[in-house]
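Guided by the hints, dock chain D onto chain Z, whose structure is given.
Top line first, the protein sequences correspond to chains Z and D. When you line the first sequence up against numbering that gives the first Met the number 0, it's residues 0 to 149, in that order. When you line the second sequence up against numbering that gives the first Met the number 0, it's residues 0 to 67, in that order.
Worth flagging that the hints you see were computed from the coordinates, not collected in a lab. Glycine included, each C-beta is placed from N, C-alpha and C at the ideal position. All clues stand as given, with none of them false.
Examples of chain D residues lying across from chain Z (beta carbon under 8 Å, computed):
1. Ala20
2. Ala23
3. Glu24
4. Thr29
5. Arg30
6. Thr32
7. Asn34
8. Thr35
9. Val40
10. Phe41
11. Pro43
12. Ser44
13. Leu47
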Amino acid sequence: MNQRSISERADYLSRRRARMLPALAVIYFSQQVTFLSALGNGPHRGADHFKIGAWVVLSLVLMLALATKGFWLQPKEVRDLIDDESTRANRLDAMRLGFLFACGAALAAYFIAEFQPLTVGEGAHLVLTFGLGAALIRFGILERRAHRDA
Amino acid sequence: MLERLANRLKERRTELGLTQAELAERVGVTRKTVNTVENSVFTPSATLAIKLAQALQLSVEQLFWIER
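Extracted from the complex, chain Z is given alone in its bound form:
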């Protein structure tokens, strides 16, 4: 692959990621609606275990996509270029916001637990959902803004 096609490919994938991230965040959050509405209702049923399994897998994939260069099937040159300086800065910014949201969710879980019992799993679910979701949205917004011409 020559330098031109590497650059074009990296630019195309980077744009695609910027479009996809907010959509993924919406899917991720909408998946949580049923879980959050049933908070504190006691042990999960069989169907809930399936939903939680899907949530764990999606969380793991999104976390890896956010924390690494992503695009694991692309050539190394393309992956390195996609993860250039401004992308790394945007990712760090997103991670910082995600961390703050995770802390906020942990505080909220602590507060909720004062009024209704929460399991450790429910608490972890809240922290991960809000931390990861916020980071995804922020990363998507920053990447879209970066692609926009002045």
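Using the frame of chain Z, we list chain D on its own:
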């Protein structure tokens, strides 16, 4: 006092007849990064600033300056 890193990247790039993509290729970043530097959305590292200055045949001080 608020300080901002201003630049004449776009002006110089246009003078040399380069597109954002071509300049990005020369310095080894994506077009997006050149775009954000041009629009002062992103402050480049010293390494990238030097690479950009070299690619545009200017000194770093001629290409970037602090605006107050």
